[in-house]
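Take the given structure of chain L and dock chain H to it, following the hints.
Chains as they are written, first to last, in our numbering: chain L, 1 to 296; chain H, 1 to 296.
Honestly, I wouldn't trust all of these hints.
Copies of one chain are not kept apart here, so a pair can be met inside one copy or by any two copies together.
What the hints assert, rightly or not - Straight line, CA to CA, 30 Å or less: simulated DSS-like cross-link-like pairs of lysine-lysine:
1. Lys30 / Lys62
2. Lys26 / Lys264
3. Lys266 / Lys25
4. Lys183 / Lys268
5. Lys268 / Lys26
6. Lys20 / Lys4
7. Lys262 / Lys20
8. Lys84 / Lys207
9. Lys182 / Lys26
10. Lys20 / Lys289
11. Lys84 / Lys48
12. Lys289 / Lys26
13. Lys264 / Lys182
14. Lys62 / Lys4
15. Lys94 / Lys20
16. Lys48 / Lys20
17. Lys25 / Lys289
18. Lys157 / Lys266
19. Lys48 / Lys66
20. Lys62 / Lys157
21. Lys97 / Lys207
22. Lys66 / Lys94
23. Lys150 / Lys264
24. Lys289 / Lys84
25. Lys26 / Lys84
26. Lys4 / Lys289
27. Lys208 / Lys25
28. Lys262 / Lys26
Calculated from the structure, these hints are not laboratory results. Please read these numbers as outputs of a predicted model, since none were measured by experiment.
Residue-level listing of the chains:
There are 2 protein chains.
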Amino acid sequence: MLAKLECASCIVDDLVGALKLLSLKKEVEKEILREAFSFLADEFSYSKTPSYFITMVHRILKRISKIPVPFKERREKCNETGLKIAERVYEEAKDLKDLERFSFLVKWAIAANELDFRTVGTGYDLEVERIGNMLSERFEEGLMIDQTEKIFQLVKKSPKILYIHDNVGEIALDKLLIEELKKYTDVVISALRGGPITSDATLEDGKKVGLQEVSSQLILAGPDTLGISLEEMSDELEENLQTTDMIIAKGQANYYALSEYKSKVKGKIACLFRTKCNPVSSIFGGRGKINLAVVL
Amino acid sequence: MLAKLECASCIVDDLVGALKLLSLKKEVEKEILREAFSFLADEFSYSKTPSYFITMVHRILKRISKIPVPFKERREKCNETGLKIAERVYEEAKDLKDLERFSFLVKWAIAANELDFRTVGTGYDLEVERIGNMLSERFEEGLMIDQTEKIFQLVKKSPKILYIHDNVGEIALDKLLIEELKKYTDVVISALRGGPITSDATLEDGKKVGLQEVSSQLILAGPDTLGISLEEMSDELEENLQTTDMIIAKGQANYYALSEYKSKVKGKIACLFRTKCNPVSSIFGGRGKINLAVVL
Numbered sequence: 001m002l003a004k005l006e007c008a009s010c011i012v013d014d015l016v017g018a019l020k021l022l023s024l025k026k027e028v029e030k031e032i033l034r035e036a037f038s039f040l041a042d043e044f045s046y047s048k049t050p051s052y053f054i055t056m057v058h059r060i061l062k063r064i065s066k067i068p069v070p071f072k073e074r075r076e077k078c079n080e081t082g083l084k085i086a087e088r089v090y091e092e093a094k095d096l097k098d099l100e101r102f103s104f105l106v107k108w109a110i111a112a113n114e115l116d117f118r119t120v121g122t123g124y125d126l127e128v129e130r131i132g133n134m135l136s137e138r139f140e141e142g143l144m145i146d147q148t149e150k151i152f153q154l155v156k157k158s159p160k161i162l163y164i165h166d167n168v169g170e171i172a173l174d175k176l177l178i179e180e181l182k183k184y185t186d187v188v189i190s191a192l193r194g195g196p197i198t199s200d201a202t203l204e205d206g207k208k209v210g211l212q213e214v215s216s217q218l219i220l221a222g223p224d225t226l227g228i229s230l231e232e233m234s235d236e237l238e239e240n241l242q243t244t245d246m247i248i249a250k251g252q253a254n255y256y257a258l259s260e261y262k263s264k265v266k267g268k269i270a271c272l273f274r275t276k277c278n279p280v281s282s283i284f285g286g287r288g289k290i291n292l293a294v295v296l
Numbered sequence: 001m002l003a004k005l006e007c008a009s010c011i012v013d014d015l016v017g018a019l020k021l022l023s024l025k026k027e028v029e030k031e032i033l034r035e036a037f038s039f040l041a042d043e044f045s046y047s048k049t050p051s052y053f054i055t056m057v058h059r060i061l062k063r064i065s066k067i068p069v070p071f072k073e074r075r076e077k078c079n080e081t082g083l084k085i086a087e088r089v090y091e092e093a094k095d096l097k098d099l100e101r102f103s104f105l106v107k108w109a110i111a112a113n114e115l116d117f118r119t120v121g122t123g124y125d126l127e128v129e130r131i132g133n134m135l136s137e138r139f140e141e142g143l144m145i146d147q148t149e150k151i152f153q154l155v156k157k158s159p160k161i162l163y164i165h166d167n168v169g170e171i172a173l174d175k176l177l178i179e180e181l182k183k184y185t186d187v188v189i190s191a192l193r194g195g196p197i198t199s200d201a202t203l204e205d206g207k208k209v210g211l212q213e214v215s216s217q218l219i220l221a222g223p224d225t226l227g228i229s230l231e232e233m234s235d236e237l238e239e240n241l242q243t244t245d246m247i248i249a250k251g252q253a254n255y256y257a258l259s260e261y262k263s264k265v266k267g268k269i270a271c272l273f274r275t276k277c278n279p280v281s282s283i284f285g286g287r288g289k290i291n292l293a294v295v296l
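One chain only, chain L, in its complex shape (with noise of 0.2 Å):
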């Protein structure tokens, strides 16, 4: 999906949210949103997606700031939070067998995809301790669109998947999904982004939550772009687009890529994702923030 209109002020606000939570010198945040207003004077179009945008603002904080890794305790406490709710998914998944166990961690793994600072309680807000029953309310609002059997045969005749992950914290509910993949198919691939960027999950944060004992590899998406960036991708990640059976791809950003990127792949492609406004919920029918598991 390509930028529009309603995207303009929602980049403004990301940004916005970002350096409300850094409380940065004055000086700093007014001579970051120079930079970010004078880079959306000049390239904000229609013909990128939203990801692009965010990409480039948010690379102007981390360079004019000087904080390399914005949010370094509040990712950390994400990933710990994940794991312990993780633990607890595990335990109430044990009676479940096939289809039925499949659904619901796919379901659990888009409930966890709230966890994304620009969307969680106030933008970059968010109350850590919270999160476990914020999830659980994700979970029982159930899917709006619930391609989740269709997505599970799939899986059975794809022997090799690709998955693209999201946000920290959630990638360990990932986790589960992809031990489970992994009783249907012979290779899963995870890939993760190369640098931080608001929540979305690095290699680095894959490995803090043990991605790497249940994924047959972990690959560098690219280096910090929110989502994975048609214009960035590491050849890696392009060279196993190209090879997958299937992608399964978590979050809005990488439906924005995947949904262009569409034409290029031979494998099935499925977003699972929590939408995060309007015009991306209208694509689907939908309003407001809705869950999805969708084959495009």
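Just chain H now, with coordinates in the frame of chain L:
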């Protein structure tokens, strides 16, 4: 009040809301966004009121779109609806007297402050038909800070009052309050905008709802600025601000300007409005949108 960090995204969001409703050609839309971002890159700071920046991006919109009066039809409908609601409110106030009647009309004038394209439902996308019910709900909410009694005493001691209006539609309820003020004071001067911006009422709007029937005089507050402007107010407004015993100002943008201008005037300033955002509500110890009748 001067602009805060959060205002950066709100300014863009307000412009996007207006663009969304106008459905311009994509090229025109992008040109407006480009120029607005460029203006904000050059000028956004924490040393001017938020309304200055909103005024400027809306002027960019009007100039590039070549639409001199955006939302013309919507503005007219708002005035018509305001007049109908005012008739009903007038009937309901029939048996009230003194402070009780004054408070009732103040509260309705504040409830009517919700008649702002920027903040009603999905930004500019209001359904005029819903307005009546919505305003009743706002009235029922009551005031978070209620200094109507203090304002009533000040009114009785002030031979000359300057009334600074805010939105179309809302001015029909202001008319009822001014009629009431005239029972306790000799002169009420109504100040209105010289040109259209978002939903702010112009001199022409004032005449349409018959403000001249109750006010001693209608004056031009300045050109097409969001609320009154510290930089662009008319000589007439500046003079009246200096010579009046009391100022009654409607709306958040007029609060921005008058809270900065307060030290320069001798008269008391009462602000009657419904807040639009947390940065302003938090000044008064609230959150979300709250109704206020305060003496600055």
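Status of each hint after checking the structure:
no., hint, result
1, Lys30 / Lys62, "both (14 Å within a copy, 27 Å between copies)"
2, Lys26 / Lys264, "between (45 Å within a copy, 27 Å between copies)"
3, Lys266 / Lys25, "neither (49 Å within a copy, 36 Å between copies)"
4, Lys183 / Lys268, "within (19 Å within a copy, 76 Å between copies)"
5, Lys268 / Lys26, "neither (48 Å within a copy, 33 Å between copies)"
6, Lys20 / Lys4, "both (25 Å within a copy, 10 Å between copies)"
7, Lys262 / Lys20, "between (36 Å within a copy, 29 Å between copies)"
8, Lys84 / Lys207, "within (16 Å within a copy, 65 Å between copies)"
9, Lys182 / Lys26, "neither (50 Å within a copy, 47 Å between copies)"
10, Lys20 / Lys289, "both (23 Å within a copy, 20 Å between copies)"
11, Lys84 / Lys48, "neither (37 Å within a copy, 47 Å between copies)"
12, Lys289 / Lys26, "between (33 Å within a copy, 26 Å between copies)"
13, Lys264 / Lys182, "within (26 Å within a copy, 73 Å between copies)"
14, Lys62 / Lys4, "both (25 Å within a copy, 21 Å between copies)"
15, Lys94 / Lys20, "neither (42 Å within a copy, 49 Å between copies)"
16, Lys48 / Lys20, "both (27 Å within a copy, 19 Å between copies)"
17, Lys25 / Lys289, "between (34 Å within a copy, 28 Å between copies)"
18, Lys157 / Lys266, "within (14 Å within a copy, 81 Å between copies)"
19, Lys48 / Lys66, "both (27 Å within a copy, 28 Å between copies)"
20, Lys62 / Lys157, "neither (43 Å within a copy, 57 Å between copies)"
21, Lys97 / Lys207, "within (28 Å within a copy, 73 Å between copies)"
22, Lys66 / Lys94, "neither (46 Å within a copy, 65 Å between copies)"
23, Lys150 / Lys264, "within (22 Å within a copy, 70 Å between copies)"
24, Lys289 / Lys84, "within (25 Å within a copy, 37 Å between copies)"
25, Lys26 / Lys84, "neither (38 Å within a copy, 48 Å between copies)"
26, Lys4 / Lys289, "both (17 Å within a copy, 28 Å between copies)"
27, Lys208 / Lys25, "neither (32 Å within a copy, 49 Å between copies)"
28, Lys262 / Lys26, "between (43 Å within a copy, 25 Å between copies)"
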